[in-house]
Amino acid sequence: MAVADAGRMSSSRDLWYNNPTIRSIVAQIVLVVLVVGTVAWLANNTVTNLHERGIASGFAFLGQRAGFDMVTFLPTNSESTYGFMLLAGLLDTIVVSALAIVIATIFGLIVGIARLSSNWLIRTIATLYVEILRNIPPLLVILFWYLAVIAALPNIRDAIQIGPLSLSNRGFFMPKPIFGDNFIETAIGFVVALAVAWGFRRWARARQMATGKILPVGSISLGIIVVITGIIFVATGDPLTFEMPVKNRFNVSGGWDLPPEFATMFLALGVYTASFIAEIVRSGIMAVSHGQTEAARALGLRNGPVLRLVVMPQALRVIIPPLASEYLNITKNSSLALAVGFADLVAVGNNVLNPTGQSIEVVAIWMAFYLGLSVVISVAMNWFNARIALTER
Amino acid sequence: MKSKLLPLIGGAIALIAMGTAAHAGTLDDVKKKGFLQCGVNTGLPGFGNPDSTGKYTGFDVDYCRAVSAAIFGDPDKVKYTPLDGTERFPALQSGEVDLLVRNTTWTMSRDTTLGFTFAGVNYYDGEGFMVRKSAKIEHVKDLDGATICVQGGTDTVTGLADYFKKNNLKYTPLVIDKLADVNAAYDNGRCDALTTDRSGLAANRLQMKTPDDHVILPEIISQEPLGPVVRNNDVQWFQIVKWVSNALLDAEFLGVTQANVDDQLKSQDSSVQRLLGVGDNDFGKSIGLDAKWAYNIVKGVGNYGDIYEKNLGLKTPMQLARGLNAQWNQGGLQYGIPIL
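Going line by line, the protein sequences match chains W and R.
Just so we're aligned: 336 in this note's numbering is position 287 of the first sequence, and the numbers increase by one with no gaps anywhere.
Just so we're aligned: 226 in this note's numbering is position 172 of the second sequence, and the numbers increase by one with no gaps anywhere.
Derived from the structure by calculation, the hints contain no laboratory data.
Virtual Cβ for every residue (Gly too), placed ideally from N, Cα, C.
Any given hint could turn out to be false.
Stated by the list, open to error - In silico lysine-lysine, BS3-like type, Cα no more than 25 Å apart, as pairs:
#1 R:K187 - R:K131
#2 R:K85 - R:K369
#3 R:K232 - W:K381
#4 R:K224 - W:K296
#5 R:K263 - R:K87
#6 R:K320 - R:K369
#7 R:K109 - W:K296
#8 R:K219 - R:K195
#9 R:K187 - W:K296
#10 R:K263 - R:K219
#11 R:K369 - R:K263
#12 R:K85 - R:K353
#13 W:K296 - R:K219
#14 W:K296 - R:K190
#15 W:K225 - R:K224
#16 R:K87 - R:K109
Said to hold, decoys possible - What follows is a list of derived Cβ distance ranges for each label pair:
#17 W:P203 - R:G377: 38 to 44 Å
#18 W:A413 - R:T107: 39 to 45 Å
#19 W:N204 - R:E363: 56 to 62 Å
#20 R:D198 - W:L91: 49 to 55 Å
#21 R:Q384 - W:L189: 48 to 54 Å
#22 W:I233 - R:D198: 33 to 39 Å
Unchecked claim - What the simulated footprint calls covered on chain W by chain R, stretch by stretch (three residues with Cβ under 8 Å from a Cβ of chain R suffice, anywhere in the stretch; the number is not a length):
#23 236 to 247
#24 292 to 301
#25 394 to 405
Use the sequences and the hints to build the structure in full.
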């Protein structure tokens with residue numbers, strides 16, 4: 050009986066369209082043809098339309114002189130090409146996102162832990178922080194920082210002056226370090242000190258494993274770095290000088306400045322996204338079984354080490370995947386810089402778009418750049434996630 | 055980015071996806087839908103600005119109304135699309151608006167590579183600067199080292215860069231996208247000067263907390279001929295907008311005003327008769343319009359001078375003298391092509 054059944058099944062399976070392998074190949078071919086066909090049709094339609102209307106197309110404009118000025122981290126001026134301007138915009142987007150990510154992570158971690166504090170005041174402040182910030186659109190948070198916080202700073206003529214530092218609505222100005230020729234030796238010394246400190250940490254750890262004795266690793270490492278770098282710095286004859294910011298008729302020139310628009314962007318984005326990260330951190334900590342904490346306490350660990358050595362490593366497995374989404378959100382939200390005049394990718398693109406009129410190309414460049422950035426962040430976070438994942442033996 | 059860029063990306067997508075048959079026949083389209091879709095400024099007093107009831111008014115807006123009057127005999131069959139500097143061109147390219155009258159400077163690249171044609175100059179303008187009186191700045195050259203607020207996505211950005219480079223002056227630009235935000239940044243003291251077209255400066259000055267604290271510098275650093283723009287794939291539509299502009303100027307030159315247009319129907323001046331379609335004069339036919347097209351414009355909206363005085367003139371808060379925009383025989387540059 051069983052033999053007869055098997056025979057009937059195999060005969061119906063022999064029909065090609067019942068073969069799962071062939072079916073999936075056919076389905077995939079159809080899908081590819083549809084997608085490629087649609088894209089080709091759209092592209093052809095676009096080119097025909099643009100041509101018929103005499104609208105310029107293609108990417109040749111990237112090599113032309115831009116003819117406008119924007120304040121960017123890369124040294125641009127009106128002689129730069131559109132392509133270089135867009136690159137400068139991309140770099141600005143990366144810098145502002147990276148800083149915002151650092152701030153959001155630090156703030157988010159603190160607030161998330163504070164949300165679980167046994168102290169009523171700390172817990173309530175953290176709850177208020179999260180509930181207020183995550184319920185406001187990010188654009189409003191940015192405008193609040195720009196119009197209510199930064200714009201409320203004094204005029205340049207009445208700047209708050211602390212030694213060589215000055216703070217006004219034109220930005221925060223500080224002395225700029227000028228590295229002398231001998232500074233390279235100090236830099237090398239610093240790297241060597243880092244290596245020595247790292248070696249020391251490994252040794253201390255091995256010793257702790259073997260003997261159970263704990264050394265104050267943090268302060269000794271810091272000491273190693275400061276002493277080695279310091280000795281070389283002094284020995285090579287103080288190769289570092291400072292360029293002081295000087296007030297002129299309108300502005301402050303020289304020195305290092307932190308423009309208000311840039312500060313607004315990374316502070317606002319960082320503080321805003323921290324409210325989401327705080328919730329992620331809280332959920333991660335709460336996902337760790339209470340038994341773990343109790344067991345750690347039973348071993349005699351204090352609150353700090355319990356959190357650092359037992360709870361957080363386990364919580365990170367829950368925290369990292371959603372954290373990656375928040376990092377992506379920061380990067381994308383940085384395009385709101387348009388509203389305050391920070392020259393990010395979108396703001397620069399807008400000014401490229403006006404004289405060239407090549408909206409399709411500029412929008413395509415925006416999309417490609419943001420997609421590229423997002424992919425890089427995703428890959429990095431996935432790698433980190435895989436590293437901290439539970440290793441089962 | 056979400057709300058801000060939607061119209062722009064929408065325009066780009068429309069350019070990608072529109073059928074190739076969508077060209078030409080703008081007049082038929084406008085007649086069929088029963089209104090003119092006009093792209094105007096999001097808010098520039100005197101030129102294109104919603105009033106307290108949300109109704110658009112201004113010099114540019116009246117150009118839209120004049121085109122509507124010429125087509126429908128009624129100046130109010132217009133729907134307005136408020137557009138900022140960056141959105142305006144994709145909106146016109148994609149057919150989202152039929153006509154763009156948004157203090158847009160006529161430049162060679164816009165005329166040749168964007169797929170547009172400018173239908174005339176409705177306002178001769180130039181880039182200027184506004185500064186605080188208290189700063190004791192008298193000329194643009196005193197602005198060496200200053201921070202200057204400017205709206206992004208405009209050719210003002212280029213004019214500024216050119217002038218400061220040519221005169222070997224340093225400056226820090228603060229490029230912001232929305233005009234209201236540019237004004238706020240300047241008013242808050244973030245910038246030492248604000249630059250845009252001088253007509254725009256007069257409007258922006260009124261939006262400062264204390265307009266009297268600000269002064270417009272005497273220099274004009276660029277030529278900014280502003281005018282209505284159409285797509286270049288529809289000659290008939292271009293002719294309509296061009297001749298509506300000329301009719302406004304001709305009417306003023308011939309002394310035909312909104313107040314006296316009905317009396318002028320009895321005029322023995324054959325130029326006036328041609329303009330107003332009196333007797334067997336039918337110039338409207340050649341552009342697909344009614345014989346009374348120009349009469350309807352003047353009756354419904356007024357002539358060039360009427361529109362100017364109503365929106366920009368010395369009796370308005372804008373207080374802009376005619377200057378370059380006076381008729382050619384009054385020392386200005388405005389010169390209507392005759393209807394003949």
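Assess, step by step, whether the Cα of K263 (chain R) is no farther than 25 Å from the Cα of K87 (chain R), and give holds or violated. violated (43 Å)
Is the Cα-Cα distance between K109 (chain R) and K296 (chain W) 25 Å or less? violated (48 Å)
Is the straight-line distance between the alpha-carbon of K263 (chain R) and that of K219 (chain R) 25 Å or less? Violated, at about 32 Å.
Pair hint outcome, K296 (chain W) versus K219 (chain R) [Cα-Cα no greater than 25 Å]: Given that 25 Å is the threshold and the Cα spacing comes to 23 Å, the pair holds.
Given the hint that K85 (chain R) pairs with K353 (chain R), does the C-alpha gap stay at or below 25 Å? holds (20 Å)
Satisfaction of the hinted span 49 to 55 Å by the C-beta atoms belonging to D198 (chain R) and L91 (chain W): holds (50 Å)
Within a Cα-Cα threshold of 25 Å, do K85 (chain R) and K369 (chain R) meet the stated pairing? Outside the cut-off at roughly 36 Å; violated.
Has the given pair, K369 (chain R) with K263 (chain R), been kept, meaning a C-alpha gap of at most 25 Å? holds (21 Å)
Does K232 (chain R) pair with K381 (chain W) here, judged by a C-alpha cut-off of 25 Å? Holds: K232 (chain R) and K381 (chain W) sit about 20 Å apart, inside 25 Å.
CA of K225 (chain W) to CA of K224 (chain R), is that 25 Å or under? Within the cut-off at roughly 20 Å; holds.
Taking the CB of P203 (chain W) and the CB of G377 (chain R), does the distance hold inside 38 to 44 Å? holds (39 Å)
Pairwise hint evaluation, K296 (chain W) against K187 (chain R), where the allowed Cα distance is 25 Å at most: Judged against 25 Å, a Cα distance of about 21 Å means the pair holds.
The structure shown violates the earlier hints numbered 1, 2, 5, 6, 7, 10, 19 and 23.
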